[in-house]
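Number of protein chains: 2
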Amino acid sequence: MAKNAFYAQSGGVTAVINSSACGVIETARKHGDKIGKVYAGRNGIIGALTEDLIDTSLESAEDIAALRYTPSGAFGSCRFKLKSLEKNKREYERLIEVFKAHDIGYFFYNGGGDSADTCYKVSQLSEQMGYPIQAIHVPKTVDNDLPVTDNCPGFGSVAKYIAISTREASFDVRSMSKTSTKIFVLEVMGRHAGWIAAAGALAADKDNDIPVVVLFPEIKFDREKFMAKVKANVEKYDYCTIVVSEGAQYEDGRFLAEQGTRDDFGHAQLGGAAPVVAGMIREDLDLKFHWGVADYMQRAARHIASKTDVDQAYAMGQAAVEMALDGKNSIMPAIIRTSNDPYTWEVGSGELKDIANVEKMMPEDYISKCGFSITDACREYLVPLIQGEDYPPYENGMPKYVTLKNEGIPQKLEKFEI
Amino acid sequence: MAKNAFYAQSGGVTAVINSSACGVIETARKHGDKIGKVYAGRNGIIGALTEDLIDTSLESAEDIAALRYTPSGAFGSCRFKLKSLEKNKREYERLIEVFKAHDIGYFFYNGGGDSADTCYKVSQLSEQMGYPIQAIHVPKTVDNDLPVTDNCPGFGSVAKYIAISTREASFDVRSMSKTSTKIFVLEVMGRHAGWIAAAGALAADKDNDIPVVVLFPEIKFDREKFMAKVKANVEKYDYCTIVVSEGAQYEDGRFLAEQGTRDDFGHAQLGGAAPVVAGMIREDLDLKFHWGVADYMQRAARHIASKTDVDQAYAMGQAAVEMALDGKNSIMPAIIRTSNDPYTWEVGSGELKDIANVEKMMPEDYISKCGFSITDACREYLVPLIQGEDYPPYENGMPKYVTLKNEGIPQKLEKFEI
Chain D
1 MAKNAFYAQS GGVTAVINSS ACGVIETARK HGDKIGKVYA GRNGIIGALT
51 EDLIDTSLES AEDIAALRYT PSGAFGSCRF KLKSLEKNKR EYERLIEVFK
101 AHDIGYFFYN GGGDSADTCY KVSQLSEQMG YPIQAIHVPK TVDNDLPVTD
151 NCPGFGSVAK YIAISTREAS FDVRSMSKTS TKIFVLEVMG RHAGWIAAAG
201 ALAADKDNDI PVVVLFPEIK FDREKFMAKV KANVEKYDYC TIVVSEGAQY
251 EDGRFLAEQG TRDDFGHAQL GGAAPVVAGM IREDLDLKFH WGVADYMQRA
301 ARHIASKTDV DQAYAMGQAA VEMALDGKNS IMPAIIRTSN DPYTWEVGSG
351 ELKDIANVEK MMPEDYISKC GFSITDACRE YLVPLIQGED YPPYENGMPK
401 YVTLKNEGIP QKLEKFEI
Chain A
1 MAKNAFYAQS GGVTAVINSS ACGVIETARK HGDKIGKVYA GRNGIIGALT
51 EDLIDTSLES AEDIAALRYT PSGAFGSCRF KLKSLEKNKR EYERLIEVFK
101 AHDIGYFFYN GGGDSADTCY KVSQLSEQMG YPIQAIHVPK TVDNDLPVTD
151 NCPGFGSVAK YIAISTREAS FDVRSMSKTS TKIFVLEVMG RHAGWIAAAG
201 ALAADKDNDI PVVVLFPEIK FDREKFMAKV KANVEKYDYC TIVVSEGAQY
251 EDGRFLAEQG TRDDFGHAQL GGAAPVVAGM IREDLDLKFH WGVADYMQRA
301 ARHIASKTDV DQAYAMGQAA VEMALDGKNS IMPAIIRTSN DPYTWEVGSG
351 ELKDIANVEK MMPEDYISKC GFSITDACRE YLVPLIQGED YPPYENGMPK
401 YVTLKNEGIP QKLEKFEI
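First to last, the sequence lines map onto chains D and A.
In terms of my numbering, the first sequence has 267 at position 267, counting the first letter as 1, and numbering is strictly consecutive.
In terms of my numbering, the second sequence has 398 at position 398, counting the first letter as 1, and numbering is strictly consecutive.
Rather than coming from a laboratory, the hints here were simulated on the basis of the structure.
Predicted model only: the values in this text are computed from it and were never measured.
Be a bit skeptical, because a hint or two may be false.
If chains are identical, the list can't say which one is meant, so a pair holds when it fits in one copy or spans any two.
Claimed, not checked - Dumping the calculated DSBU-like pairs for lysine-lysine here, alpha-carbon to alpha-carbon at most 30 Å:
#1 Lys30 / Lys83
#2 Lys83 / Lys288
#3 Lys400 / Lys229
#4 Lys288 / Lys220
Take the sequences, apply the hints, and build the full model.
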């Protein structure tokens, strides 16, 4: 008898997380003998806890296919991490109640490190609480910081957007530098790892001699050294582009720009490193500057997503379902790079116990000796991930993204307060 | 005997100003009997004053064609406004010396309102100083504030970028709102006129019910009214997107975010309205927010330029040369809209005396009564301008923009200090 599946999106959404959703749902629909309905959690795991389940079988094949080119989280996401079984047994018991009530035997959770932890905890329910469930994590994070997988779906598209935006803005400031702006500062995401900031360095290549100075979270900010680098670039090129990670920090670990607020996981909410850097440029070098903050635009920019990324996101969703059908539990499909040039990859997997709460940092040899750019090894790693364009369809000059009906199923249980 | 032409780019550059350059140069090349070489001013009019002229005839047809899809100003731009003939006769005499030395009979200046003023002054040299020159202004400005022309090349592409980015970021915040971000603030350009901010409202349409609140420079900022609007949206939608113009200002005319610096024309240098608005949201509503600043990215985003805009920019360059060949002086080609639906337009023209230093504001009936959105009339005006995509070619995942050789011609005159 076919069991139903639960699918949910977690954490910060991306330009391609819906492509994974598309992969999950389309693949599940092909296996109606083993998987009944796919219920999506409205707003991630919260949808499971509150029995707020979306019946994706009510969505047309066309609308599900449109998820492949629609950014954001179509079912709503959440920032919510399950506590340990010891600390909050009530939540796990509730999950089991909901799964039982709706005959759910498959649990697909699409997210980053915190979500892998949640998924791992759910995967233990069989053993620890006797409820038979197969929990598979579908990797997603623009931060590219999950272990085991060569890269994370979501990252390649942000990298492509940042590389292109940095090149375009650099062309702009180069045009203006004679009498006006000489410095452009672009702030990008990446709280602890400099993967996204590194992508800014791709603006320059053998045909594009562009001075890009990157401020990585991995390298403690040294104002004097930084100003010397910028000054040297301005002397040589008459302009300089700076890509600063939101996670760039001083020697003592303070972020260049804390806003003083924290998210539900206790992470400091960042934003504002660019104006801080720009202000320093004014103080120390007295050069005219402009600054931009890419914020949500960078991770939502489906209009210029990387085709490689879109394909891989879909493949991870598809593989998750196939692994479930294969009887697997507590696992995550992963992208395994088999060659750099030409770039080839295949689907592998990792155990959730090895993935949950592990943060993959950039290898040290990816940052150049000066601390402000990337090495050839880093470039070889990054370039394949931004390959190919995968334009969405347009109507009236605007991308035709889908908004699903998202109809909930009737609730059978009592209310649950989170 | 064929006279040479001078072409230069002025003011803030755009995603399509090089498409106009392409139109000028390709059209001139077709009329070798009347136009000799096209010399480009390195960094705008400064190139003419300092006799720093680029020989565009040394660029291949392929590279000139690539200008059509390359953002920024290929020859460098400048912020430099000629004083009046009475105030600085020396500069005009110098221009004539340079024109004479290089047999220049045509002057094409590609810019906005300040540049139209410079072009107008040059166009008077025939009459006032006896040097025969035909000066034609090629319209360009993301601010869309030139009179006579229905719209300005450069604006349509920014509008498209902002409309798309606002839609994408809105999808993102909608996904996050349950447990995290409920407010996204996007800061856009437009110092005095709200054209670009208005484009943010295009994120919503009949198929996309997105709550977008626009802060126009035309409407004095009323914090209480604004907060009430945002609060109502959050109550209804659980999230709200805010598009704030860099020119948004208080009742007393102060900008929400002055950086305290001014450009060479005395205009206050802006930037930072988004964090100011975000800070107010925190104070008054205590909602979690994110904010972005599109800055140069918006005007350099050739990767998602409007095809209509690219075509019109080219057509303006082409028309400028044709008008010159037709014996015209002190004129600007213009875009004349002949129908809204289907959108049709043709090339018209205006006299520089009616254009220089005239700023076209948004019609009052383009802003909705509440002051936070656009009317149907505004939508009808804007939508045609963002029609069509015109993707640049890609290589290795990155747009293949051209950087010209930009070889200078030998100087014949003595140095000139500006």
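Do the hints match the structure? See the list:
Taking identical chains as interchangeable, the C-alpha atoms of Lys30 and Lys83 are never at most 30 Å apart, the minima being 35 Å within one chain and 73 Å between chains. Taking the closest pair of Cα atoms, Lys83 and Lys288 come within 30 Å of each other only across two copies (23 Å); inside a single copy the shortest separation is 49 Å, beyond that limit. Only between protomers do Lys400 and Lys229 lie at most 30 Å apart by alpha-carbon distance; the minimum there is 27 Å, versus 44 Å within a single protomer. Taking CA atoms no more than 30 Å apart as the test, Lys288 paired with Lys220 passes in both settings, with 25 Å inside one copy and 28 Å between copies.
Going through the hint list in order, the structure does not satisfy hint 1, though it satisfies all others.
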